[in-house]
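S.K.: Those protein sequence lines, which keep their order, are chains A and B.
Number 102 in this note's numbering belongs to position 100 of the first sequence; there are no gaps in the numbering.
Number 1124 in this note's numbering belongs to position 64 of the second sequence; there are no gaps in the numbering.
Among the hints, erroneous ones may be present.
[Stated by the list, open to error] To give an idea of the interface, some chain B residues facing chain A are shown, with a C-beta separation under 8 Å as derived from the structure: (1) Ile1069; (2) Gly1166; (3) Trp1173.
[Unchecked claim] Computed cross-link-like contacts, BS3-like style, restricted to lysine-lysine with a CA-CA straight-line distance of at most 25 Å: (4) Lys138(A) with Lys1086(B); (5) Lys99(A) with Lys72(A); (6) Lys1086(B) with Lys1131(B); (7) Lys1086(B) with Lys52(A).
Keep in mind the hints are simulated off the structure, nothing from the lab.
As the structure is a computational prediction, the values presented were derived from the model and not from experiment.
A virtual CB, placed ideally from N, CA and C, is assigned to each residue, including glycine.
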Amino acid sequence: MTFAHQLNLWGANADINEGEKTKDGRGYMKILIAEDSALMRRAITSVISKLGHETIEAENGADALAKLRKNSQKVGMVILDWNMPVMDGYQALLKIKADDDFAHLPVLMATSDGAEDDVIKAIQAGATSYLIKPFKPEDLAERIEKILKIS
Amino acid sequence: MNKTQKDTIIPKFVEALAQSVIETIKTISGKIVVCRDIRRAKINPSNANICGSISISGSLNGEINIVFDEKLANKMAANLALCDEDALGDHDGREGAGEIINQIVGNTRTKLWNLGNRFEISLPKQETKNSQCPDSENDDHYIIKFDCSGEIFYLVVDVQTSQSACPSNS
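Produce the complete structure using the sequences and hints provided.
M.R.: Here it is as structure tokens:
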């Protein structure tokens, strides 16, 4: 966990929709959430909507990829749970980073497992950051803001 | 793994689990959680009816269950979803129990990583009315009782080391 928090890798470029602004004047964005828990999707959506952005919800990695393809011009960031049915978050991350259309998207891994091997695997695969569940809403908001600020 | 390691790994795992419960529930609910009792028993001690369970495999094998009564399960689900209890659906209490056990065991995996106790985690399951809650003759269950601001819930741990789970016939 400390390892994850020590990481400060905010290198990716988010695809902010120019011309549409949030209340504080920044770009409005759609953020894709892949999370099998409907309760967690609701919580993450609540945090993101307070930041002035919209969400697209997916129940697993395969669903996320399908929705990403459907909304390829709109999504500016992806949040992935790790432990999901059908396709887990790590497999989805690999596919996103292998696709020229989506490789530029910042990906936040939000998962309960912070074992070093998983964190390293995710960062090496191209994840922008890693957040350990359970997280406080303000921690998620701060992490998203940091990613958007850099991008 | 030698006998001494096998004798200590499960108590260490249970201790790490208990610590993860305290931290996880505190973050989710904002309330202080206290571990009241850890004991070994055969029977699920609770008449609670919401149970979230998850399996592990690797250096340890078995199942971990969290058992709430319905009222506390709904409170936790609302805390997880950042909404009022009125906004919950019929199955959200169960789903919350599944997500919470997933977070607890994920955090425990992280804690035990540096001790070399590495295991994989299944997808969580959620059940009602004890249908999946342990109630067997296996007296290796650890029953851990927690108090969250006066509301009681339990963790039921049924795990073995890989060696003890697959005994040799020789």
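S.K.: Quickly compare the C-alpha distance for Lys1086(B) and Lys52(A) to 25 Å and report which way the hint goes.
M.R.: Measuring from Cα to Cα gives roughly 23 Å; hence the hint holds.
S.K.: Next item in the hint list is Gly1166(B). Is there a CB on chain A closer than 8 Å to its CB?
M.R.: Since the shortest Cβ distance to chain A is 3 Å, the answer is holds.
S.K.: Quick one, are Lys1086(B) and Lys1131(B) close enough, alpha carbons at most 25 Å?
M.R.: holds, 17 Å
S.K.: Just to be careful: measuring from the Cβ of Ile1069(B) to every Cβ in chain A, is the smallest value less than 8 Å?
M.R.: violated, 17 Å
S.K.: Is the shortest C-beta separation between Trp1173(B) and chain A less than 8 Å?
M.R.: Since chain A brings a Cβ to about 4 Å from Trp1173(B), closer than 8 Å, the hint holds.
S.K.: For a C-alpha distance cap of 25 Å, please report whether Lys138(A) and Lys1086(B) respect it.
M.R.: holds, 11 Å
S.K.: Holds or violated: Lys99(A) and Lys72(A), Cα atoms, limit 25 Å.
M.R.: holds, 17 Å
Hint 1 from the earlier list is the only one contradicted by this structure; the remaining hints agree with it.
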